[in-house]
Structure formats: C-alpha cells, structure tokens
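Generate the whole structure from the sequences, applying the supplied hints.
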Amino acid sequence: MYRHDEFDQAFLRARIERFRDQVARRLSGALTEEEFRPLRLQNGVYLQLHAYMLRVAIPYGTLNSAQMRRLADIAERWDRGYGHFTTRQNIQFNWPRLQDIPDILEALAEVGMHAIQTSGNCVRNVTADHLAGAAADEIEDPRPTAELLRQWSTDHPEFAFLPRKFKIAVSGAPRDRAVTRAHDIGLRMIRDGVGQPGYEVSVGGGLGRTPVVGQVIRDFLPKAHLLPYVEAILRVYNLHGRRDNKHKARIKILMLERGIEALRAEVEAEFARQMAAEGGPAVIPDPAVVARIEAAFAPPPLVPATGPAEAYETARRSDPVFRAWTDTNVLPHRVPGHAIATVTLKAPGAAPGDATAEQMRVLADLARCFSHDELRVSHEQNIVLPHVRLDDLPAIHAVLRRHGLATANAGLIGDVIACPGLDYCALATARSIPIAQEIGRRFADPELQRAIGEMRIKISGCINACGHHHVGTIGILGLEKAGRENYQITLGGDHGENLTLGERAGPGFDAEEVVPAIERLIRAYLELRSGPEESFLAAYRRLGMAPFKAALYGATEGRHAA
Amino acid sequence: MPIVTRNGFAPVPPADFHPPEAAAALRAAAIDLPNDADPERLAPHFDRIALIRIPFPVFADGRGFSLARRLRDLGYRGRLRAAGHLIADQFRLALACGFDEVEIDDALAARQPEHLWRAETGPDPRARLRGRAAG
Ligand code: SF4
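Going down the list, the sequences are from chains A and B. Here the first sequence is numbered in the working numbering, starting from 1 and rising by one per residue. Here the second sequence is numbered in the working numbering, starting from 1 and rising by one per residue.
What the hints contain is simulated information worked out from the structure, not anything from laboratory work. Think of the CB as a built atom: it goes at the ideal place given N, C-alpha and C, for glycine as much as any other residue. Hints should not be assumed to be uniformly reliable.
Claimed, not checked - Now the in silico label distances, taken between C-beta atoms and shown as ranges:
(1) 15/B <-> 48/A: 40 to 50 Å
(2) 40/B <-> 216/A: 24 to 34 Å
(3) 9/A <-> 6/B: 22 to 32 Å
(4) 19/B <-> 506/A: 50 to 60 Å
(5) 7/B <-> 28/A: 24 to 34 Å
(6) 7/B <-> 246/A: 30 to 40 Å
(7) 174/A <-> 122/B: 33 to 43 Å
Okay, structure coming up:
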C-alpha cells in the first residue's frame, strides 16, 4: 500500500505548523470566528453539539496495523476510548479539546495519516471500493487513481473555497461498491474498444436534502486525461455553482438547473482550453510519478493454493458458528485459497461504526498476522481484512469471537448503517444510534437474520443523509415534528451499480413505533416472497409499494391519517 | 488602503478603473472585472490592458481564484489584482492562481498585519505530480 514519503511528511509538518499558527491567531483575535471556520474545517475540525470533533481521513479506506494502532492510542489518550468509523472512510473522534488537536495531528502524521480536507467547501477525502486489490471481479485497482486525486486535490489553491463540499469516489469493478453515482464526481474504471483503460465519469450525484443520481458526463475518459478533466469540472463548478443559497450550492443543482447537456458542453470547452493552454495543461502528471504510485499498490505476495483448504473445510464441518460466520462475512478473493473477511462493527445493541481502542488493537494484530498488514474501512462502517488465507480463518474467527467482533451479519438486517445523529451531531433533528441499537437487539437471532437474507437498513438523523437512508433497502430518516422525534421510512433503495433512490412509504412514526413498523415490514416480506432466494429488494420490485404500505399502516391507519 | 505584494505592504498606486467593455478603446488600461464575467470576451484586448482587478465580496467566495486561472490560461500577462475581503491565509493561494497583488482595507490590514501575508507555499503537491519537487 501507499506509504508517505519524505515529501508527504514535509508537507504534513508544514501544514500542522500552519494550523497551530491559525489556532493561535484565532485565540488572539487576528482571525475572526467566521474567518477561522473554513480553516479549521479544512483541517478536519468540526464544532459539534457537545465538543469539537476531529474527522481523520482514511484515504480510499486502506490502512495498516501501525495506523490502526495509532487510532487506538488517540482514542485512549485524547478521547473517551473509542472512535466512530463513518460512511465516508473516515474515523471521527468526538471529544478532543481544540488545543490538543495540533498534537493529535502530529501523532497521526508520524504514521502517515492526517485530517486534511475531511470537511469544508473543498474536494473531500477521495473514497474507493473497500475491496480494491482483492475482489475477484476487479478490472483494475482504483486506489492509484484515488491517490493521484488525493495528491492533486490536497491544498489545491483554486478549489479551497468552492460553493460547497465536493466528493469524488472511484470504483474499479463492475460491481460498484463505492456508490459512485451518489458523488459529485463518480469514476468507474472501464476499458474502451481496444482495451485501453479509462473512466466512465458521472457528475452531480448526491444524497442529502435533494437526492440525485449522478449522470454520465463522459462515456470514456482516457486515463491520462483524468486530472485536466476533473480540474475542468471543478473550475466550471467554482465559477458557476450557486453561492446565494447553501442548499442549492452543490454541483447537482447546477446540473439540474442547466441540464447535463449544457454542463457537458461547458466542461468540454474548459477541458479543451486547458489541453490547448501554452505549455500544456497545468496538471498532467509525470509518468514516472504515476508509475511510482501504481507500484505502491502492487498486490501483496499471496501464494495461490493448489489443493483444497483442509483446515477451513474441517472447521466449517465441525463448528456451526464458524460456518455461519463464513457464510455471511467471507467473500471470495481473486487468489485461490484466500478470502476477504468482513468484521462488522454491529454486534446486537452496538452503535454502528463505533470501535473501542481494544477492538482496534485486536484488528491491527489480526491484520499484521494474517492479512499482509492491511485493513480496510467500508462505507458500510465495517472493517475488512482483505487478504487472508482460508486456512487461517478459524484462528481469526476465534480471536474475533473473544473480543465481541465475530457477529455473523454482514449484509443482513443487523448490519445497519447509521450516522451519529442527535447523540453527537449539531445538525441532527433526531437520534439514529438508538434506533440502530434497537433493530440490532430485535433481530439479534442469527437464524432469523439469515432467514430474512440480504437487507440494508440505513438511518440518517436529519435530511443531510449522512446515513445514506435514500439508498437503503429500508431507509429511516429521523425528523422533528412538533417537538418529537419522527421517523420517515423509505423502501426500495439500492446502493449498488444500479443506484436507486428509495420511495417514501407514507407518514412517519414516533421513536417507539419505528422498530415495530420494521418488524411488520419484515413479516410481510417473509409471507410475500416467492421463495427464500427472493430478497426483500427483489420482492419489492416485483410487488411494488402497496403490500408493504398495507403492512406498515393497515392496522393503525386511523392513528396515522393525520 | 494598502496593497499587498510579494514585497509586503505598499500604498495603492492611483489608477482609473474601467468596465471591461471599455478595454477596446483604451491603452494600458486598468479594468474592473466582475467575478461573474466571461474572461474570454477580454482576450482580444489583453495587449491593451495593464491591470485587471477582480473583486472578492467575501473571503469564502472563491470564484476569483478560478477567474484568475482562466485569464492566465487565456494568455493574459498583465498585472492581476484581487480586491476586497481576502484573509492573509489566502495570499499564497491567490499568488498560486496567478494574482500578483491583493488590495485590502485598513481595518483588515490592522487586524492582519504585514508579516502574516506570507507568499511561500511550502511543499506543493501538484509540483510534485509534475515531477518538479523532491520526493
Ligand atoms: S445526517 Fe444529519 S444528523 Fe446525521 S451526521 Fe449527517 S448532518 Fe448529522
């Protein structure tokens, strides 16, 4: 994996010194709070409900054991012993003190980590498929592209004061595990007719208050043109994106107001100007630099197995708990005899995405011993061991079990995504964590979870949709109605390559009624499905909203009619 | 009202600013270019322009940075000035986007004195991508 070199280290040191100085100038009054705000945001520092929050980037979701261990140290030394993994391949610490933050940033820099551009109206931490370099269906590893974009966007002088935040995601496989169409720019690696690698570029995707599925702006962009093209999109957006209303400032609104054709024409004209600029475009990278980045992501030296995985098969036969875990949490690896193991941070009753310092250290140890020192963070708020031998899985599972990390629910109803909500977030209108915990408890029975099958429940604590509720099979949006928390349910969302926004089922539910409502939905699905192989989403697509609506509101119609 | 250049603060030199439409009829002109203008319309007159001034209504409105880059890409070689609310931390960004100087008011100059307006950028990630930096 990519390791920070001398340049990155020097850059981070200079950046931290600058931030220290900015904090001092804020305290002296040379910077007003208004002026300080974007500076601290671009260094990952938010002001939350109870305290400052520090959001640390995990670029393209990849980290090594030393980095995970350092996150554990920070959680213990400067926070309350845990951290929260988000849906954007970041980790958030909820309780640091402002004056400690430069020291925390130094501790991060020592292991090649940072909090740069995890917030603010700039190009945010670039995300990628969490199974990059391991998935069996991959065309090309998306991480060199994400790293190239990270370097290009870091401290970009032109794009530090955009109309609004700007998110880019990269996928290297036909199965889109990076939700690219829900990003301001989505890049899908493809090949053209003669096998040349490039990207399909989509633009204007995003969830939030106005959910929009991104539209293709360029069918095929040759790899070498990536940076000038992305720069052209950003420049058109920076010049023409709306600045009169922050709710209309994302590029999706520019796309909706002008139409994709007009936006494409402007971007292509800007791209052409850049390509024709004297001395060539400002940002064509040196091929040697690109080659160095690509080499940093060379696959680990896995030895393909030649025979069956005896230890693995034996354990599966003799240990039903292990077997159940491998059925749900283990995915095929591209190298025979290997696997990708998902550790869900979703034990029944847990706050989704939270990990204690101790759990982080356990995961770091497992990565070092069994996964070529690599870990991944997924947008589903889980941790992945990407390169493990099948025969090591029994040992890995035993360790996970001892530390409450072996919950066999990846992709099932217990694998709930939830944003921090009203327990932490200053923008929230309702809590999301307690709803997730309640769902985890109600559906704790592993048999029941398996019977229900594939199910993505996603919960947001306000209309900003950090919990991606629009693309959950069942989405839950927490709002506030007459001083009470009220939860709207959407159905039929899909976060995959056919990105689909869910449909609102009807009036919302009070906090204590939400989980019973979900139970009614599940019961209806189990009765209606054509067989166990028909997932909730497939049944919903076949039957439409009506029977599910009846299950939700039928018996209690009168109470909800208002 | 000081003007900030790489050499520090200086008094604003006198100049008569004209709207972009006037450029065709002038020599060594100073032009006030609104931050929503299309710079391409000025391109035929670049050799008659000595100074272009771009307003920053508030420091968080970064349109001027892209406008400056576009003017430079179009081949404008004259002086380029940012005027209004820029903070000292944005000075290096303005220079990197092609500005030569920043015009600020006295209140801001008092709150953010000369030594804070630092031109040096430190290690530049994009220079490194082009193979022009160590590492
Ligand atoms: S969805 Fe709303 S409540 Fe949840 S983290 Fe985002 S802004 Fe906060």
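request  = May I ask you to test the hint 24 to 34 Å on the CB atoms belonging to residue 7/B and residue 28/A?
outcome  = holds, 25 Å
ask   = Does the Cβ pair residue 7/B, residue 246/A satisfy 30 to 40 Å?
value = Hint holds: Cβ distance 38 Å, inside 30 to 40 Å.
request  = Starting from the range 24 to 34 Å, see whether the pair residue 40/B and residue 216/A falls in it by beta-carbon distance.
outcome  = Cβ of residue 40/B to Cβ of residue 216/A: about 27 Å, so the range 24 to 34 Å holds.
request  = For the range 33 to 43 Å, tell me whether the beta carbons of residue 174/A and residue 122/B fit it or not.
outcome  = holds, 41 Å
query = Does the Cβ-Cβ separation between residue 15/B and residue 48/A fall within 40 to 50 Å?
reply = With Cβ atoms ~47 Å apart, the hint holds.
request  = Could you tell me whether the CB distance from residue 19/B to residue 506/A stays inside 50 to 60 Å?
outcome  = holds, 56 Å
ask   = Taking 22 to 32 Å as the hint, is the beta-carbon distance of residue 9/A and residue 6/B inside that range?
value = holds, 27 Å
In terms of the numbered hints stated before, the structure departs from none.
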